[in-house]
Amino acid sequence: MAKKTIPCTVNGKKREYTVDIRSSLSDMLRGQEGLDSIKHGCDVGECGACTVLIDGKPFNSCIYLAVWAEGKTILTLEGLSDKKGAISDIQQAFIDEGAVQCGFCTPGFIMASVPIINSEEPTSRDDIRKQVAGNLCRCTGYEKIINAIEKTQHKRIEEKKAK
Amino acid sequence: MYDFKNLYEPTSVEEALKLKKEHPEALILAGGSDILIQIREGKLAGCDLLNIYGLDALRGICMEEDGSLLIRPLASFTDITMHPLIKKHIPVLGEAVEQIGGPQVRNIGTIGGNICNGVTSADSAGTLKAYDAVLEIASIDGTRILPYADFNLKPGKVDLRPGEILTGIRIPKASWENTYGDFIKYAMRKAMDIATLSCSVNVRLSSDKKKIERLRIAFGVAAPTPIRAFTAEKSAEGHALNEGLLKKISEGVLADVMPRTSWRASKEFRLHLVEELARRATIASIEKAGGKING
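For the protein sequence lines, the chains are A and B, in the order given.
Sequential numbering from 1 applies to the first sequence in the working numbering.
Sequential numbering from 164 applies to the second sequence in the working numbering.
No lab work stands behind these hints, which were simulated from the structure alone.
Think of the CB as a built atom: it goes at the ideal place given N, C-alpha and C, for glycine as much as any other residue.
Be aware that a few hints might be false.
Derived lysine-lysine pairs resembling DSSO-like cross-links, with alpha carbons at most 30 Å apart [unchecked claim]:
{"no.": "1", "chain 1": "A", "residue 1": "Lys-4", "chain 2": "B", "residue 2": "Lys-250"}
{"no.": "2", "chain 1": "A", "residue 1": "Lys-130", "chain 2": "B", "residue 2": "Lys-411"}
{"no.": "3", "chain 1": "A", "residue 1": "Lys-4", "chain 2": "B", "residue 2": "Lys-451"}
{"no.": "4", "chain 1": "A", "residue 1": "Lys-130", "chain 2": "A", "residue 2": "Lys-155"}
{"no.": "5", "chain 1": "B", "residue 1": "Lys-374", "chain 2": "B", "residue 2": "Lys-320"}
{"no.": "6", "chain 1": "B", "residue 1": "Lys-251", "chain 2": "B", "residue 2": "Lys-451"}
{"no.": "7", "chain 1": "A", "residue 1": "Lys-130", "chain 2": "B", "residue 2": "Lys-451"}
{"no.": "8", "chain 1": "B", "residue 1": "Lys-455", "chain 2": "B", "residue 2": "Lys-353"}
{"no.": "9", "chain 1": "A", "residue 1": "Lys-57", "chain 2": "B", "residue 2": "Lys-184"}
{"no.": "10", "chain 1": "A", "residue 1": "Lys-84", "chain 2": "A", "residue 2": "Lys-160"}
{"no.": "11", "chain 1": "A", "residue 1": "Lys-130", "chain 2": "B", "residue 2": "Lys-250"}
{"no.": "12", "chain 1": "A", "residue 1": "Lys-57", "chain 2": "B", "residue 2": "Lys-411"}
The following residues of chain B were derived to be distant from chain A, with all beta-carbon distances above 12 Å [as the list claims (entries may be wrong)]:
{"no.": "13", "residue": "Ile-202"}
{"no.": "14", "residue": "Glu-204"}
{"no.": "15", "residue": "Gly-223"}
{"no.": "16", "residue": "Met-226"}
{"no.": "17", "residue": "Gly-264"}
{"no.": "18", "residue": "Asn-341"}
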C-alpha cells in the first residue's frame, strides 16, 4: 500500500514518520513512537480513550487519519511530564482524588481536561462535565474525575494569581 | 489501519473537482466522523476516498458584502459555535451544533459532512432549513446554487451529482436579520447521542413586539428527511402572541410531519414531541425576541 512521510511535532519534538496512508493517528503514534498512553478503546470515536491534543484541541486519534497530522503540533499524556519524567499536577490530582480505578480511560480524560485546567476563569462543574462528555469511564462514576479536574484548575488559577 | 483502497489527496479545490470528475465513485472525506466509522464497521470497506479535509479554502465563516453569512463546508461544529458572526447573528445554529457528540467529535465533525450525509437526525439541518440556507455546489464545469430546501432527495441521499462537491452554505441577510431562534434536541443522553426528535424555530416579531411577523419551524427525525412545517408557519403569520398562537402551531406541525416508529421511539411519542418541542421552542424564541405570550 502507498506510504507517506508525515512531518509533525509530537510532545515538543520535531518528528517524521513514514506511514501506510491507511493508518490512524493512534496507529502512528503508538506504533512508531511507542506512545502507549493512547488507548484503542472503541476505535470509532465514542469512548475518548485515544484523546490527544492537536494544535491545542482534543481529538479522538482513532478517527483521525495519520496523513492529516502533517505540520500539526500534537500533545499526548507522555508530553505532560517534566524533563525528569515527574508527573504533572493533573495526573497527581487524579491519584489523590481516587479518580483512577482500572486506568484505561485515564489518559484520555486527562488530555480532554487540559484545555479546562489551562483556562483563566473557573469552570462550573456542569461545564466540566460537558467538556469531558466525549470520554467514558466504566469504573469511577465520574464524580472523582470531575473533582480532580476542578481541584487542578483552581490550583492553577491560584498559582497564576500569586505570580 | 483503515480498510480503504485509494486515497486521493488534492491540494486545491480545483484539483479536488478534477479528481472527483475522474473518480466519481470516490467518497468525499471531510472530518471522517461518519465515513471512517462506517469503514471500521465494514459497511464501506474497500472504498476510495477523496480527502478534502486539508483544503483550507473550504474552511471558515465570513459575512459577504450583501450581508449573507457564508459558512464553508469544512467549518467544524466547534468553529461554528465559537465564531463571533454566528454568536451575533444566528446563535441558535451554534447552540444546535454544540449538542452533537462530545467535544472531540465537534472538533473534527464538519457542517458540510453533516448535511451531505442526508440523514434526518443531522443536528445542523433543522436550523439551516429554518433559515432558508442556500448551497453552493461546484463541479469542474461550473458552480450551481441550490436552496437547501431541495437538497435532501431521500434518507441518506442528497442532490450531489457525479463530480460535484459542496463548497458553501449561505444564509441570506433577509433570512437571518432581526430573528431570534431556539433549538431543542430530545435525546436519551445530553452528549454522544442521536436526536429522537429535534426542533428549530426562529421568529421575527413586529416592531411593537405584539405580533409574529414571520415564524419558521423545522424538524429533524419527524420525517424521512429534515423538514419545514409550512402549515404551522403560515398559520402563525401576523398572529398575536397568545395561547391561540401556540394552539395553531401545535395543530399546524402535526399536519406537516410524518414520523415513524424506530427502536429509539414510537411514532406516537414522536408526534407528542413534535407538538411539545414546537411549543417550547416557539415560546423560547419569542422570549429571546423580547416578546411575551399573553403579555
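Results of checking the hints against the structure:
no. : hint                  : in the structure
1   : A:Lys-4 / B:Lys-250   : 40 Å, violated
2   : A:Lys-130 / B:Lys-411 : 36 Å, violated
3   : A:Lys-4 / B:Lys-451   : 52 Å, violated
4   : A:Lys-130 / A:Lys-155 : 21 Å, holds
5   : B:Lys-374 / B:Lys-320 : 38 Å, violated
6   : B:Lys-251 / B:Lys-451 : 13 Å, holds
7   : A:Lys-130 / B:Lys-451 : 24 Å, holds
8   : B:Lys-455 / B:Lys-353 : 28 Å, holds
9   : A:Lys-57 / B:Lys-184  : 34 Å, violated
10  : A:Lys-84 / A:Lys-160  : 23 Å, holds
11  : A:Lys-130 / B:Lys-250 : 19 Å, holds
12  : A:Lys-57 / B:Lys-411  : 45 Å, violated
13  : Ile-202               : 9 Å, violated
14  : Glu-204               : 8 Å, violated
15  : Gly-223               : 16 Å, holds
16  : Met-226               : 25 Å, holds
17  : Gly-264               : 7 Å, violated
18  : Asn-341               : 30 Å, holds
Violated hints, in rising order: 1, 2, 3, 5, 9, 12, 13, 14, 17; the structure is consistent with all others.
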